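Novice: Chain residues, written in single-letter form:
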Amino acid sequence: MTYSYIKPRTKSLITSELKLLFIFFFITIIMLLMTYLFLTYKNYAFKQDHIYIEKSKNDFSDNTNKMNSDIKFIEKQVAISKKIFTQNTVLKDSITNMFDLVPERITLSEAKLLKNGLILYGITPNKDVYNFMLQAPLHSIFHHTYSSFYPAENGWLYFVSKNYIDEDEISEEE
Amino acid sequence: MNIEVSRQNLYLLILSVFLLIFVLIFSFLVLIPQGKQYREKRVQIKKEEAELKVQKNYNEDTTQILKTLRSDNKNIIAAFANTFDSKRFKKLHDGYFSELVILKEPIEDNKDGFSVYSVKAVSKINSPKTFYNFLDAINKTEWIISINFPINFKREGEVISSSFTMKVYSNLIDTNSTK
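Sequence order for the protein chains is A and B.
Note that the first sequence covers residues 1 to 174 in our numbering.
Note that the second sequence covers residues 1 to 179 in our numbering.
Worth flagging that the hints you see were computed from the coordinates, not collected in a lab.
These figures come from a predicted structure and were not determined experimentally.
Beta carbons are placed, not taken as given, at the ideal position from N, Cα and C, and that holds for glycine.
Some clues are possibly wrong.
Each pair of labels, with its calculated beta carbon distance range [what the hints assert, rightly or not]:
1) A/GLY155 - B/ASN75: 50 to 58 Å
2) A/LEU33 - B/LEU15: 33 to 41 Å
3) A/LYS82 - B/VAL122: 25 to 33 Å
4) B/LYS90 - A/PRO103: 44 to 52 Å
5) B/ALA137 - A/SER61: 42 to 50 Å
6) B/GLN37 - A/LYS66: 21 to 29 Å
7) B/GLY113 - A/ASN63: 45 to 53 Å
8) A/LYS82 - B/LYS91: 23 to 31 Å
9) B/ALA137 - A/ASN63: 36 to 44 Å
10) A/SER61 - B/LYS154: 55 to 63 Å
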């Protein structure tokens, strides 16, 4: 016996409301998980980047320090070499001046250039020539000048001229 | 007032609440801290990248300075790296002297990180001008040489006998050489 004219619909456990609910939450959870995965991956990538940057920074730092010490070393080499070149040039000028200082009438037999002085050995026709033409310019250069004479066979005079500069002045120049 | 809720709707409501709670807990306990960490790290990485760029630029500038310094002073650097060779020295400067004797003395001392050799030279020259030329040439030679006092000149007939001390500067063997 039937009580209705329509056929009874089959009842399902998953209703359309439930389906809608599941789809909504499924999409939500998937989006949340994807966001989580994205953040986890990015955090991992940042960590790797941080390690790489730190390593690069250390490498650059070591390299820069090495190059800076090389630069300092080369600058030191250049400074020393320039000082030496200047010293050599000054020395050349000093020797030139020394030989220019000696007049033609006086003949040198020996010259000793010292750090603080000059010793000259030579022969002069007489004391006046020596005093006016050599002693005077030497006296203007050096602080202390000592001369001694002894006769030569030809009537001229051998002389020894010892000229010194005060040590204080040399250390000031250095 | 009597609210009638069917059993099915009740289940639906409970499930919705559970899922909502799950979403909220997941968001607040996992996702938000993770996002916060991401933002902090992103700022930190940008800062570190900027620092790295500055360091890289400084490194490149330093490299350029070193390169220029090396190319500008390559002769000086090479001269400091050279070990004094008395035979070579005689060969190079023989033209200035009619006779040249080189007496190499042991390493005098280490001065400012460089080893200094003392070399005594006894020579015969024809005129002082030859010695001036030698002094000019010494600044262009393969070594860093300073001519030191005392310098003696002595007339010996037609030639001048000269004796002087030279100091040869070179790099210390164990130093960070710039070869």
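Novice: Next step is simple, just say for each hint if it's right about the structure.
Specialist: Evaluated hints:
| no. | hint | verdict |
| --- | --- | --- |
| 1 | A/GLY155 - B/ASN75: 50 to 58 Å | holds, 55 Å |
| 2 | A/LEU33 - B/LEU15: 33 to 41 Å | violated, 19 Å |
| 3 | A/LYS82 - B/VAL122: 25 to 33 Å | holds, 29 Å |
| 4 | B/LYS90 - A/PRO103: 44 to 52 Å | violated, 36 Å |
| 5 | B/ALA137 - A/SER61: 42 to 50 Å | holds, 44 Å |
| 6 | B/GLN37 - A/LYS66: 21 to 29 Å | violated, 37 Å |
| 7 | B/GLY113 - A/ASN63: 45 to 53 Å | violated, 22 Å |
| 8 | A/LYS82 - B/LYS91: 23 to 31 Å | holds, 27 Å |
| 9 | B/ALA137 - A/ASN63: 36 to 44 Å | holds, 39 Å |
| 10 | A/SER61 - B/LYS154: 55 to 63 Å | holds, 60 Å |
Checked against the numbered hints above, the structure violates hints 2, 4, 6 and 7; every other hint is satisfied.
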